[in-house]
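**Q** Here the sequence shown stands for residues 4 to 50, numbered as in my numbering.
No lab work stands behind these hints: they were computed from the structure.
Straight-line alpha carbon distances no greater than 20 Å define the calculated SDA-like cross-link-like pairs of lysine to any residue that follow:
| hint | residue 1 | residue 2 |
| --- | --- | --- |
| 1 | Lys42 | Ala14 |
| 2 | Lys42 | Phe20 |
| 3 | Lys40 | Met4 |
| 4 | Lys6 | Phe20 |
| 5 | Lys24 | Ala41 |
| 6 | Lys40 | Ala14 |
| 7 | Lys6 | Val31 |
| 8 | Lys42 | Glu12 |
| 9 | Lys24 | Ala7 |
| 10 | Lys5 | Leu43 |
| 11 | Lys5 | Ala16 |
| 12 | Lys24 | Asp35 |
| 13 | Lys6 | Ala41 |
| 14 | Lys6 | Arg17 |
| 15 | Lys6 | Lys40 |
| 16 | Lys40 | Pro27 |
Note that the structure is a prediction, hence the values are computed from the model and not measured.
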Amino acid sequence: MKKAEVSLEKALARVEFDDSKITPEKLVAAIDRLVFKAKLLRVEPGA
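Please put together the full structure from these sequences, using the hints given.
**A** Written out as structure tokens, the structure reads:
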């Protein structure tokens, strides 16, 4: 993970990651294994 921004008020997080090391789906699965519920809203390639 390169960067994460979290809004507790909105219950949202924005995450920047290296897609050569992990897929968006695997990142969501890793977050789900914690106590948080995650779902992929969108992917912005190269962002």
